[in-house]
Structures are given as structure tokens and as C-alpha cells.
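Start from the sequences and build out the full structure, keeping to the hints where you can.
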Amino acid sequence: MPGVSFYLDQSTLDTIKAKSKASHKPVSSIIREAVEQYLSRDAKKAAKKRVLSTLSKSRPLGGLKKWEGLHKERTGADADRR
Numbered sequence: 009m010p011g012v013s014f015y016l017d018q019s020t021l022d023t024i025k026a027k028s029k030a031s032h033k034p035v036s037s038i039i040r041e042a043v044e045q046y047l048s049r050d051a052k053k054a055a056k057k058r059v060l061s062t063l064s065k066s067r068p069l070g071g072l073k074k075w076e077g078l079h080k081e082r083t084g085a086d087a088d089r090r
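In case it helps, our numbering puts the sequence shown at residues 9 to 90.
Calculated directly from the structure, the hints in this document are not laboratory data.
Careful, some of the hints might be misleading.
Unchecked claim - Taking lysine to any residue pairs in the SDA-like style, the calculated list, with each CA pair at most 20 Å apart, reads:
1) Lys25 / Gly11
2) Lys57 / Gly71
3) Lys25 / Ser37
4) Lys80 / Gly70
Claimed, not checked - Simulated restraints, written as ranges between beta carbons of each label pair:
5) Thr23 / Ser48: 20 to 28 Å
6) Leu60 / Tyr15: 36 to 44 Å
7) Gln45 / Gly11: 14 to 22 Å
Nothing here was measured: the structure is a model prediction, and the numbers come from that model.
Every residue, glycine too, gets a C-beta built ideally from N, C-alpha and C.
In C-alpha cells:
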């Protein structure tokens with residue numbers, strides 16, 4: 009992999025080094041994973057938006073009224089188990 013240099017403030021670097029020591033992972037792996045997560049954030053947001061849109065259109069639980077009924081039923085069933 010190509011090497012890259014960049015600057016971090018001391019407190020951030022100390023935190024990364026502590027995590028590196030605790031997890032027995034190289035500092036470079038921790039930084040690489042953080043960058044990969046940051047770069048995939050937009051894709052995850054888009055996927056979440058598609059799922060929420062589909063759920064709101066299809067209403068798999070029958071909408072708010074049916075959901076409230078199901079919630080009340082499950083809450084009652086949970087109370088009986090205690």
C-alpha cells in the first residue's frame with residue numbers, strides 16, 4: 009500500500025496510540041479503518057434512506073394504528089412473563 013503522511017493534534021494521536029496498544033493493532037490499521045468508515049458513510053445514509061422510504065410506503069405493520077395495537081399486545085404479553 010502506498011504511504012501517506014498527515015498531521016494529527018497530539019490528543020488525537022495519543023488516543024489512537026492507546027487504542028492501538030489496547031487492541032494490539034497497528035496505528036495505521038486504526039487510521040485506515042476510520043477513513044474507510046468515513047468514506048462509506050454516504051453509501052450507508054443512502055441505503056438507510058431507501059429502507060425507510062420503502063417501509064413508510066409499504067407499511068408492513070399496517071400503519072400507526074395497527075402498530076400501536078401490536079405494541080400494546082406485546083407489552084401486555086411481556087408483563088405476564090414477569
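Hint-by-hint comparison with the structure:
1. Lys25 / Gly11: holds, 18 Å
2. Lys57 / Gly71: holds, 18 Å
3. Lys25 / Ser37: Given pair Lys25, Ser37 holds - Cα atoms ~11 Å apart, limit 20 Å.
4. Lys80 / Gly70: The given pair, whose Cα atoms are some 14 Å apart, holds under the 20 Å limit.
5. Thr23 / Ser48: 20 to 28 Å: holds, 22 Å
6. Leu60 / Tyr15: 36 to 44 Å: holds, 38 Å
7. Gln45 / Gly11: 14 to 22 Å: Given range 14 to 22 Å: holds, Cβ gap about 21 Å.
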